[in-house]
Amino acid sequence: MSREADIEKIILRVAQIMIDELKLEDVTAETFDPEIDLIDEVGIDSMDLATVALVLRDEYAIRIDEDDYPKMTNVRLISEYIDNKLKDQS
Amino acid sequence: MDDVEGHPATATPQISNKEWKFSELLADPKIRDRWEKVRHYFFLRESTYDMSNRCNIRCEGCYYYEGDKQFARENRDPEAWRELMRAEKKRGITYVVLAGAEPSMVNALCEVCYQEMPLGTIASNGLKVIPEFIQYKIHISVWGNDETSLKIRNAKNMLGRQIENYQGDPRAVFVYTFTRNNIDQVYEVAANLADHDCKFTFNMFSAPRGYDGSLRHTADSLAKTRQTMVDLLLKYPQNLLFSHYSAVAHTHRYGLHDLYACAYPRMNPSTDIGLGRSFRQYRTDLSWDRKAACCVPDTDCVDCRHYASGSAVVTARLFRHATDPATFKAWLDYVDTYLAIWVMGYAKGDNLCNQLVAPPGHEVF
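For the protein sequence lines, the chains are A and B, in the order given.
With this note's numbering applied, the first sequence covers 1 to 90.
With this note's numbering applied, the second sequence covers 1001 to 1365.
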């Protein structure tokens, strides 16, 4: 599977986790815009991001550094971050 | 800390090396219920506001009368305050703390803030009643017994007057500030508050920059304060809003910044997310300065153990506390305590962790 395909798969899962954990309405994993700014446009804050990070840590068995939160401003960036971590571990 | 470790109810738990998943932590129904209860309030985003430059008393070590902010000219125009509150809402602020110098001197402005922003707290000395229709939490500062209050606040019969004004008021939380010199006095004050069924919590004197007076804590006074806090937690569980982890976080030999990395703009250059992005501390002229922005400006950051600061700084560190059941329960207790102190209508649950748990990456003291 190509890196792009890997990331697209992760994007769907991350979007679903966002929707579930943050109780977002009127959106599905398929319709979630991976480029939308989570802080400015979705309105999530540091506590929300920490919660999502904990669930992602469970899901992908990766270490997430608190200092990396500022890099995680949209679903695509989060997914690329996860993909990089997974590749580093393998 | 031998004296604390020797107490059967406060022994430090043994934490294993197991790497816990978050889902495993939440598998415990008590933890999950408390997590669901507190996370409901993650939408709170605070800023603080000096309402006036006047106070009806003058206390030694008062942070307001340090630095430049005391010289700000008062803006007494209610419509200017209304506009500010509306602008604050627009930029995402959901919670206000009305402080300095003494907000009860300008109750009309507090009312305007409440009309526009329904969640908040007023920090007051409690000598002048804030009208009941302002349904903010009211934190009433107590700095020792009446003899001490007379000495360092020049106010007679202070606790009696504070209780008379706020007994039975669900808004009121009495905040006892431990200095190096008033630790033993808290027993007398706590008994009095409990007799009148008042809620109370603890603060730690945190020295203003350049302060070299006798109130600044030492290692010995921190240890003694911790032991006293734990004693009172066991003695007054119905009246004292506190937790074992609150005691650890605020009496540690390291201050809050060294333990948790303060997230307020004054110590946090990042504007990406969280307090570094949204928090402002407005002076009474409605100006603000990012370089000075924290809940207790002009405090010596190294010595900061302030309860208001901790409420945000410890709470923000969810991720690093989700490591094992004891640490996560301790953090949940801390957040539950913070919400009970600061949010109207929030009822504190029983503490989940009655042991002294070390802050992540540090020793217990």
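By construction, these hints were calculated from the structure, which means they are not laboratory data.
Quick reminder that beta carbons are idealized off the backbone N, C-alpha and C, glycines included.
There could be a bad hint or two in this list.
No farther apart than 30 Å at their CA atoms in a straight line, the calculated lysine-lysine pairs in the DSS-like style are these [what the hints assert, rightly or not]: (1) Lys9(A) <-> Lys1021(B); (2) Lys1030(B) <-> Lys1156(B); (3) Lys1021(B) <-> Lys85(A); (4) Lys1348(B) <-> Lys1030(B); (5) Lys23(A) <-> Lys1151(B); (6) Lys1291(B) <-> Lys71(A); (7) Lys71(A) <-> Lys1037(B); (8) Lys1037(B) <-> Lys1018(B); (9) Lys85(A) <-> Lys23(A); (10) Lys71(A) <-> Lys87(A); (11) Lys1090(B) <-> Lys85(A); (12) Lys1235(B) <-> Lys71(A); (13) Lys1021(B) <-> Lys23(A); (14) Lys87(A) <-> Lys1030(B); (15) Lys71(A) <-> Lys1090(B); (16) Lys71(A) <-> Lys1128(B); (17) Lys23(A) <-> Lys1291(B); (18) Lys87(A) <-> Lys1291(B); (19) Lys1037(B) <-> Lys1021(B); (20) Lys1090(B) <-> Lys23(A); (21) Lys1128(B) <-> Lys1151(B); (22) Lys23(A) <-> Lys1224(B); (23) Lys23(A) <-> Lys1037(B); (24) Lys1018(B) <-> Lys1156(B); (25) Lys1089(B) <-> Lys71(A); (26) Lys1224(B) <-> Lys1156(B); (27) Lys1037(B) <-> Lys1291(B); (28) Lys1224(B) <-> Lys1348(B).
Have a look at the derived ranges for each label pair, beta carbon to beta carbon [unchecked claim]: (29) Thr1218(B) <-> Ile36(A): 47 to 53 Å; (30) Leu24(A) <-> Ala1292(B): 55 to 61 Å; (31) Arg13(A) <-> Thr1218(B): 25 to 31 Å; (32) Leu24(A) <-> Ala1027(B): 41 to 47 Å; (33) Leu24(A) <-> Gln1115(B): 46 to 52 Å; (34) Asp6(A) <-> Val1364(B): 39 to 45 Å; (35) Gln89(A) <-> Ala1027(B): 38 to 44 Å.
To give an idea of the interface, some chain B residues facing chain A are shown, with a C-beta separation under 10 Å as derived from the structure [what the hints assert, rightly or not]: (36) Asn1017; (37) Lys1018; (38) Phe1022; (39) Leu1025; (40) Arg1032.
Output the numbers, in ascending order, of every earlier hint that fails for this structure. Numbers 2, 5, 11, 12, 14, 16, 17, 18, 22, 24, 27, 30, 31, 32, 33, 35, 36, 37 and 40, in rising order.
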